[in-house]
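*Asks:* Protein chains in written order, with the numbering used here: chain A, 1 to 247; chain B, 1001 to 1257.
These are calculated hints, taken from the structure and not from any lab test.
Fair warning: there could be bad hints in the mix.
Claimed, not checked - Simulated restraints, written as ranges between beta carbons of each label pair: (1) A:K197 <-> B:A1063: 23 to 31 Å; (2) A:K101 <-> B:R1208: 23 to 31 Å; (3) B:A1199 <-> A:Y120: 38 to 46 Å; (4) B:A1179 <-> A:P59: 37 to 45 Å; (5) A:P198 <-> B:A1063: 44 to 52 Å; (6) A:S128 <-> B:A1063: 51 to 59 Å; (7) A:P198 <-> B:M1251: 27 to 35 Å; (8) B:T1178 <-> A:Y135: 40 to 48 Å.
Note that CB positions come from ideal geometry on N, CA and C, so glycine has one too.
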Amino acid sequence: MNVYCPSTALPLLLYLFTLMGLARAQQQDPMTLNGGSLLAMAGKDCVAVAVDKRFGSGPQMVNIAPRLAWTPNPQLMVAFVGLEGDVQSLSQDLQTQVRSKLNRALGFSTSTEEDKRRRYISPKALASITSHMLYRNRGRYYVEPLVAGLSSSSASSVCKPFLCAMDMIGAKSTSQSFVCSGAASKSLYGTAEALWKPDMDKDQLLRACGEAFQSALERDCLSGYGSLVYLITKDGITEYDLAHRND
Amino acid sequence: MAFRSNKPLRSFGPTVIPHGQIENSEGNVTLGKIDHGVTENPYERRFSPYDFNGGTCIAIAGADYAVIAADTRLSSGYEILSRKMSKLHKLTGKCILGSAGCKTDVDQLRSVLDIKMKVYQHNHRKPMATPAVAQMLGNTLYYKRFFPYYAFNVFGGIDEEGKGAIYSYDAIGSFERTAVTATGSGQAYVIPLLDNVIAHRNRTDEKRDLPKEEVVELVKDVFISCGERDIYTGDQVEIAVITKDGIETIMFDLKAD
């Protein structure tokens, strides 16, 4: 039944006009204030991580710089998106924590290749540390990090992709297909869900990840201004700069 | 041992009492609800004339066809009210209106449009052309600018030249003729995918005209993806393909979770 009757419409109208009349500065959601988006997809023995480059303050663009991504070893990457101040804080904190744990356990030496290889942290461990760090500071870091990498067991040379996204209090969500975070996450869920296929090789994965990311970014005002795709394979990390709309 | 009283200790804030009752700080008790009152805001006092009944509608225009598809789930909050409620409504033999939003407003809008079209038919002795219906829908929505129809529409059909024409609307009648569009709860999931696959944005391969059979298969894929991520989309998809020869309807099952 249509509920149009003047007695309920009038208070509603007055409420609408009051809202329009008062120029209230509304508190913006800290997670989307600076914008930015991330997408990570898994292929056959490879992982692609796409980050955008927009750093803004609400509708205003402030700087074109890629989202922060830390690579503790050549097969692992953790990328951060959210309130940029907290992103910088958390990433520095995380790097310090991981380095100090490794130093305590394995000593300070990184002179030989063997030393360096002993200090490779596994993706699962890194995801754990990040999750604990976020929960310990419960709700004070407005950051949604993403851990992506290849976990290789010493027995075989097979590298299994590892993807893990976290919310701002550290709830981990691992996936065998893809994970995404940031302002455009709804659009990214849509495109990645459709464009991901199991067992893609490097080139197919790069194309799928790049297309899913770009299409989603075009429909989001708070992300864009370019994108980088990091392709992680057992040989290392390659960075690809995608060409698309510069807004 | 004697007890001084057997009244439970009065605590502050929501108290969980056994047997599924929850008492909030206002003193109201929600009895036996399966979600324990989680979807209710205990402090809401104003009556809202709107409810969001969910669902996703998409429309794609081709060279000589138009495809409109919508899921058939009707929901309210976390509950499913019906698995077989159509969101598509045939206005003439050549155009279909797809609407998501508040079902009661959608029904009223359809009624109003049907009446106006009947009047046109009586006055002009011919059915309304698709672009004319599109304009009329925009005007009808704007009539209620200050107490809007909570209806998010996509409208599609064949225009006078035989080409596919689809239009996307907002709730107060702003509309535009586009090549692809989507609306409803799954809009954010689906529009960038349609941009990439149908409108060919951000692709390096050759752009080609898609035949309607291929577009129908793509629409099924799109709804499968949307149904995965959106709780309000699922059950079945109703796909209508409009050509100059008429309207063909295809039903496709989705996950019912």
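*Asks:* Evaluate each hint against the coordinates.
*Replies:* Evaluation of the provided hints:
1. A:K197 <-> B:A1063: 23 to 31 Å: holds, 29 Å
2. A:K101 <-> B:R1208: 23 to 31 Å: Since the Cβ atoms of A:K101 and B:R1208 sit about 55 Å apart, the hinted range of 23 to 31 Å is violated.
3. B:A1199 <-> A:Y120: 38 to 46 Å: This hint holds: roughly 44 Å between Cβ atoms.
4. B:A1179 <-> A:P59: 37 to 45 Å: violated, 27 Å
5. A:P198 <-> B:A1063: 44 to 52 Å: violated, 34 Å
6. A:S128 <-> B:A1063: 51 to 59 Å: The hinted range 51 to 59 Å holds for A:S128 and B:A1063, with Cβ atoms some 54 Å apart.
7. A:P198 <-> B:M1251: 27 to 35 Å: holds, 28 Å
8. B:T1178 <-> A:Y135: 40 to 48 Å: holds, 45 Å
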